[in-house]
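**Q** So the chains spell out like this:
Number of protein chains: 2
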Amino acid sequence: MNIECPLPAETEETIRLGHGSGGALSQHLFQNYIYPHIKNPWLDQMHDAAVLPVSGARLVFTTDSFVVSPLFFPGGNIGELAVFGTVNDLAMSGARPLYLSCSLILEEGFPLNTLATIMASMGRAAAQSGVQLVTGDTKVVERGKGDGLYINTAGVGVLEREWQIGPASIRAGDRILLSGDIGRHGMAVMASREGLAFETELQSDCAPLHAPVRDLLQAGIRVHCLRDLTRGGLATALVELSQTSSTSFVIEESAVPVSEPVEGACELLGLDPLYVANEGRFAVFVAPEQEQPALEILRRHTVSAASRTIGQVCTSGRPEVILRNLLGCERLLDLLPGEQLPRIC
Amino acid sequence: MNIECPLPAETEETIRLGHGSGGALSQHLFQNYIYPHIKNPWLDQMHDAAVLPVSGARLVFTTDSFVVSPLFFPGGNIGELAVFGTVNDLAMSGARPLYLSCSLILEEGFPLNTLATIMASMGRAAAQSGVQLVTGDTKVVERGKGDGLYINTAGVGVLEREWQIGPASIRAGDRILLSGDIGRHGMAVMASREGLAFETELQSDCAPLHAPVRDLLQAGIRVHCLRDLTRGGLATALVELSQTSSTSFVIEESAVPVSEPVEGACELLGLDPLYVANEGRFAVFVAPEQEQPALEILRRHTVSAASRTIGQVCTSGRPEVILRNLLGCERLLDLLPGEQLPRIC
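Residue numbers (UniProt numbering), protein chains in the order written: chain P, 1 to 345; chain D, 1 to 345.
Read the hints as simulated data drawn from the structure, not as lab findings. Check the hints yourself; a few may be wrong.
Lysine to aspartate or glutamate pairs mimicking EDC-like chemistry, simulated, CA-CA at most 16 Å apart [said to hold, decoys possible]: (1) P:K145 / D:E142; (2) D:K145 / P:E107; (3) D:K145 / D:E107; (4) P:K145 / D:E107.
These numbers were taken from a predicted model, which means no experiment stands behind them.
Whole structure, please, built from the sequences with the hints as guidance.
**A** Take a look at the structure:
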């Protein structure tokens, strides 16, 4: 008797949480399912925001949707995150942030007073960042088809310097500066989500970064590249920049500050702070002769008071990020294959 | 014995589906819970898009989130809707649409091939509308916290004429033109959602409107106001414009075309086609002497081939919209109090 075993039905590839983590799966999703259908020269810039010619001006345009859970976390809420996140994407292009849009997806049953609290936070965050929320939209979905509130903001700014600030301007020898200790935002959200005991010690670093960037540029610092360290943290940002700029970076592990509560929470949850999201930290790439003046300017701002140099760009052609510890041992940083922390922003 | 009856706990006001309908509840939500916290002169324009000064140019900026259910409906899908919706909001300001952003909120388990199909539709819709998708974002939420896919697009365009196209420019005597028959999009979505038998006859009118608007302006037609007839349909658009411009409109009911399948579906579901959403229809306000030239230009485009005059703006100071039938009987149109069709766009 000839018994044939039926082949298993081909399982269709579907979205996994890791597709939203900002790591290798996110890159795969974009490269294979999104980019091929909408490609154009602006998307090829591969930066957080697009630089566009409009009537003689150079406009910067960016967008982010925010799905953070919970909506309120130590140090902020989804409203502030939605404003600062987009303001920071504009600032990281070297642009002066001007106008934001605000689009809400509300779930049936969401308390109106909570919405008002979040909108008030958005208003204050916009004022603090020197931008205005000029246009918007509100949609409502049935109970069980959302999670309270999702917010999208898009942002428009202008570029007032003539040189290009972005991965393509990174040069061998550049110093890599970091604006402060890492991992606060991700761990604050995780701690409040998991109800961890050290929740009170952990505060998100959620803050606008336009002011230190403005002062760097006004002082004539010829910044090569700026990048905020959001989803995927410092490590993911560096790996992406290394790939896009086809340069290699060497980072001194001991130079990267991690606070005690973040260190503790990471150990408890088995996470690497290098991959944990920040919402008020950024990296700055400058030529060696501008390292000290840049640090001095950054340190004048509360948000970047603890700025320091963490590494440099090497001549090696191979795009890789080398993390060197105090003993001189080196390891390569890579994109995380899948999910580290879902819904962190 | 003194028995005190406890007062019932005050029930907190929460989001209802009607808050997303574009009617009176949507207005109440915006006026009371959103606007007070973020108010600024640009929001006061109360139009679909904000007109902003940027480096000497007049930029137009708008956003919409799309939560249509189902994602595919006769005549289109959420991807086309997300492109055309934002292109049309820009066009309705008289702007030339230039760049769009695209932000996805994906639910865990969503098929990647379906995403690719929708992105391909977005790419084609963008090409058809003469815009480029230049920046974007992707977020993933857990199963049961979304509904497959929500898309936000924001759009940027430039205003190339010096006069203001918007509610404030509406004048007594203006003719009100309508670009075609109404109610197709809303009924196509409803029919496919409910599995109605006449589904095949109903096709969404989903289309870009930039071309007829461009031709009107290039021909020197001094358009006073433009408005696409999306959520809440023709009636809601007219009532809002009447309120914002503090003028009254008289509309001839018999002049408003409704196709047979839309009429039939509306009767079956107990809906008024005047309040049903369109995604490819718009109203044009022009001075009487420009009525005929405007109609001629509109009729050259497939999307507005059936354009006709449906009414005019009166001198009466009271903002109201009067619908007059063939017998001369008049009724006032008002905003719907709550929900007509949820998740239509």
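**Q** Each hint: holds or not?
**A** Going through the hints against the structure:
no., hint, result
1, P:K145 / D:E142, "holds (11 Å)"
2, D:K145 / P:E107, "holds (10 Å)"
3, D:K145 / D:E107, "holds (7 Å)"
4, P:K145 / D:E107, "holds (10 Å)"
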